[in-house]
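With chain A fixed as given, assemble chain B onto it according to the hints.
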Amino acid sequence: MEIVLIGLSHRTATVELRERVAFNSEQAREAAEQLRSRGILEETMVLSTCNRSELYGVPGEQSADSAAAVELFLSSYHQMSPSELDGSLYRHRDSHAVRHLFRVAAGLDSMLLGEAEILGQVRDAYQIALDHGETGPVLNRMFQGALEVGKRVRNETEIGTRPVSVAFAGVKLAERIFGKLNSHRALIVGAGATSEQVVRHLVDRGIKQLRVINRTAEHAADLAKRFGGEVVPWENLTASLDWPDLIVTSVSSPEPILTRAILERAMAARGNRALLMIDLGVPRNVAPDAGNLYNTYLYNVDDLTEIVEQNKKARQAEIPRAEAIIEEQIEKFLHWQAGATTGAVLGELRAKLAAERDAFLKERLAAMPNLSAADRVQVADMLKDFTDRVVLDPAERLRGVPELRRKLQNLDALRDLFRLNREKP
Amino acid sequence: MTNPYVLATLLFYVASLALYIWNLREPSRLAGIGATACLIGALGLHYVALLERSRQIHAVPYDDLFGSLSLFAWLLAATYLGLEAIHRRRSVGPFVLPIVLVVFMLAHLPEAREVKAPPAQGPLFAFHVTLNILAYSAFAISFVLSIIFLVQNRRLRGKKLGIVGWRFPPLDVLERMTRSSVLIGCVSLAVGMTAGLIWAHRLEGQYWDGDPKVIVTVLILALYVGYTLVARTATWRGARASMLCIFNFAFVIFSYSIVNRYLSHFHRYF
Chain A
7 MEIVLIGLSH RTATVELRER VAFNSEQARE AAEQLRSRGI LEETMVLSTC
57 NRSELYGVPG EQSADSAAAV ELFLSSYHQM SPSELDGSLY RHRDSHAVRH
107 LFRVAAGLDS MLLGEAEILG QVRDAYQIAL DHGETGPVLN RMFQGALEVG
157 KRVRNETEIG TRPVSVAFAG VKLAERIFGK LNSHRALIVG AGATSEQVVR
207 HLVDRGIKQL RVINRTAEHA ADLAKRFGGE VVPWENLTAS LDWPDLIVTS
257 VSSPEPILTR AILERAMAAR GNRALLMIDL GVPRNVAPDA GNLYNTYLYN
307 VDDLTEIVEQ NKKARQAEIP RAEAIIEEQI EKFLHWQAGA TTGAVLGELR
357 AKLAAERDAF LKERLAAMPN LSAADRVQVA DMLKDFTDRV VLDPAERLRG
407 VPELRRKLQN LDALRDLFRL NREKP
Chain B
824 MTNPYVLATL LFYVASLALY IWNLREPSRL AGIGATACLI GALGLHYVAL
874 LERSRQIHAV PYDDLFGSLS LFAWLLAATY LGLEAIHRRR SVGPFVLPIV
924 LVVFMLAHLP EAREVKAPPA QGPLFAFHVT LNILAYSAFA ISFVLSIIFL
974 VQNRRLRGKK LGIVGWRFPP LDVLERMTRS SVLIGCVSLA VGMTAGLIWA
1024 HRLEGQYWDG DPKVIVTVLI LALYVGYTLV ARTATWRGAR ASMLCIFNFA
1074 FVIFSYSIVN RYLSHFHRYF
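Same order as they appear, the protein sequences are chains A and B.
The first sequence: position 125 = 131 (our numbering), numbered continuously.
The second sequence: position 46 = 869 (our numbering), numbered continuously.
So here's chain A without its partners, still in its complex pose (with noise of 0.2 Å):
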């Protein structure tokens, strides 16, 4: 039950090449087919994503060199020479290529550390493999395993929920005044690239009400129109401002267009209510000042910068807890996996046995024709017995005795020992 990885992702190859490489979810599923098809592998399992393009299987019998197999086979499949992965691709074996998978569902392998995309393209990837009879019973524990490790360290370890981007930063400041933003507003001012980002973000937190305000009504009514929200013509700006929660800026303006006088009155006109203010512009679109007026939270890009290395910072120091999840579930795959082969192994010598005992049974009795019929049953009685006696000392002890199994080596020279024919588990 070997495992192969063959991949090449963020890491070793550049985007171009990632470009190439890369499969869609047709491709995957083909690719998969073909390289079952092809006898190259019995188990497979494509993970293709904008930062990397992975081949995991697990070899059949007549597979001498399957790494290079496999290897041969994604350059031709997408039209390449070998000579043009030289260099980008990476191999990996066993325990680690269950250990890259781990990580890579984890997020420790990906361009943004623990960024939370991946699981969800793992868990893609692998029922789309599923739904299509690719994989088999060791890649689908294998795969299984990574989806939990995924969830684990997620839920056990801060590696994902500090934000480390400036526009996400800005919105779980906002969850960190007003909780959750299902019953809040936002005022998007400024139609931009950037205010794009914080408003697709506040989308995906929830937000209750989103209004855009712009120079440009046309970019405004574009944006609102894509995210739910209203329009709100430039003049009303200062009229607007007793409405928000939240008001995130990001317009071109060489002075500040919300200035500590128009918050105040804004302020005043709202009871005072929570107000945060996220002013991405550069120049600054509020006065410095107005983030000390009361009830007032004003960030603007160099703060939230500031966050977001910090908070980067932090994600890195939780890669050691990470990593000891990483571990502990890699124990159990190969735990498991030793037992899948210890039964499969063990199905294999019984057979052996009794096949080699019927035939020399056969052999024998043939030469006593005197024996009669009882006794001939008990012969045969007698030679099981033995024989499920001998098997059954070493079944039980490779059975509890995990260390016993990794010195076996996955049992291949057991195999190999007693010319047993290698099956699926």
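Simulated from the structure, these hints should not be mistaken for lab results.
No experiment lies behind these values; they were computed from the predicted model shown.
Take these hints with a grain of salt, some might be off.
[What the hints assert, rightly or not] Think about it this way: if two alpha-carbon atoms lie no more than 27 Å apart in a straight line, the pair counts; the simulated DSSO-like pairs of lysine-lysine are:
hint, chain 1, residue 1, chain 2, residue 2
1, A, Lys318, B, Lys983
2, B, Lys982, A, Lys178
3, B, Lys982, A, Lys186
4, A, Lys318, B, Lys982
5, A, Lys178, B, Lys983
6, B, Lys982, A, Lys319
7, A, Lys319, B, Lys983
8, B, Lys982, A, Lys214
[What the hints assert, rightly or not] Derived coverage of chain B by chain A (criterion: at least 3 residues anywhere in the stretch with Cβ under 8 Å from a Cβ of chain A; other residues may be distant):
hint, region
9, 838-851
10, 978-990
Cβ coordinates follow ideal geometry from the N, Cα and C atoms, glycine included.
Chain B in isolation, oriented as in the chain A frame:
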């Protein structure tokens, strides 16, 4: 502190506090559930210890400082547990549990072993004492929450959240938790006072005898009702309301200590 229930309670409170701190430092579902489970266990054991004490004196423990403190600690922990269940936030636990633990340990110092039957007894009186101490414990929680609010507010305005800043409940939740606990306190105190006045009338034929404890308690109730009324107004909402809550709690301490000890004619530790 030789009572096995008391020792077991202490152990559970310590375990709960340790797990709450662990959960605040390194949030983990297991530690959080463990902290709450230990707190529930501690409350159960503490209840048995209180019951034992009550059986000895045939009344709610109030007449000596230690019995009263023990009941206060129990109600403080129980009120916190209720708030935790309602608001689904465990990050306040590390700040409430130390108070519970200190009060509990004070209550069970060796001097507390000697228990005497208090002069006043009966179900209505027990109701009066229990509700008043419940009110004090609810106000104590609102005090802790208000301090956390001010710290968190300062961190957010100063743009220095640090590790704890990301783990404390949001300001809005802290405000709601504070208002919930003040509401519990006000209702308990109002009903508890009413029960006390009815009991006094039955005993002495008059509702009001001008005892300083009653006057201070009415003042406390008025202060907290005032907080409830102004906490969401334009002038007071946010940090100012929290400061008002902290100010109010100073009167609770005054009532529980100076008034009980030196000014009241017949009120003891409730």
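The hints, checked one at a time:
Restraint check for Lys318(A) and Lys983(B): the C-alpha separation of about 15 Å stays at or below 27 Å, so the hint holds. With a C-alpha separation of about 13 Å, the suggested pair Lys982(B) and Lys178(A) falls inside the 27 Å cut-off, and the hint holds. Proposed proximity of Lys982(B) and Lys186(A) is supported: the alpha carbons are some 20 Å apart, at most 27 Å. In summary, the hint linking Lys318(A) to Lys982(B) is supported, as the alpha carbons are separated by about 17 Å, within the 27 Å threshold.
As the CA atoms of Lys178(A) and Lys983(B) are separated by approximately 14 Å, the hinted pair is consistent with the 27 Å bound. Restraint check for Lys982(B) and Lys319(A): satisfied, since their Cα atoms lie roughly 17 Å apart, inside the 27 Å limit. For the hint linking Lys319(A) to Lys983(B), the alpha-carbon distance of about 15 Å falls within 27 Å, and the restraint holds. A distance of roughly 25 Å separates the Cα atoms of Lys982(B) and Lys214(A); the hinted pair therefore holds under the 27 Å criterion.
Coverage of the region 838-851 of chain B by chain A holds in this model, with 3 residues showing a Cβ closer than 8 Å to a Cβ of that chain against a need of three. Three residues within the 8 Å Cβ limit are the bar, and the region 978-990 of chain B against chain A gives 7, so the coverage statement holds.
Hint compliance for this structure: no hint is broken.
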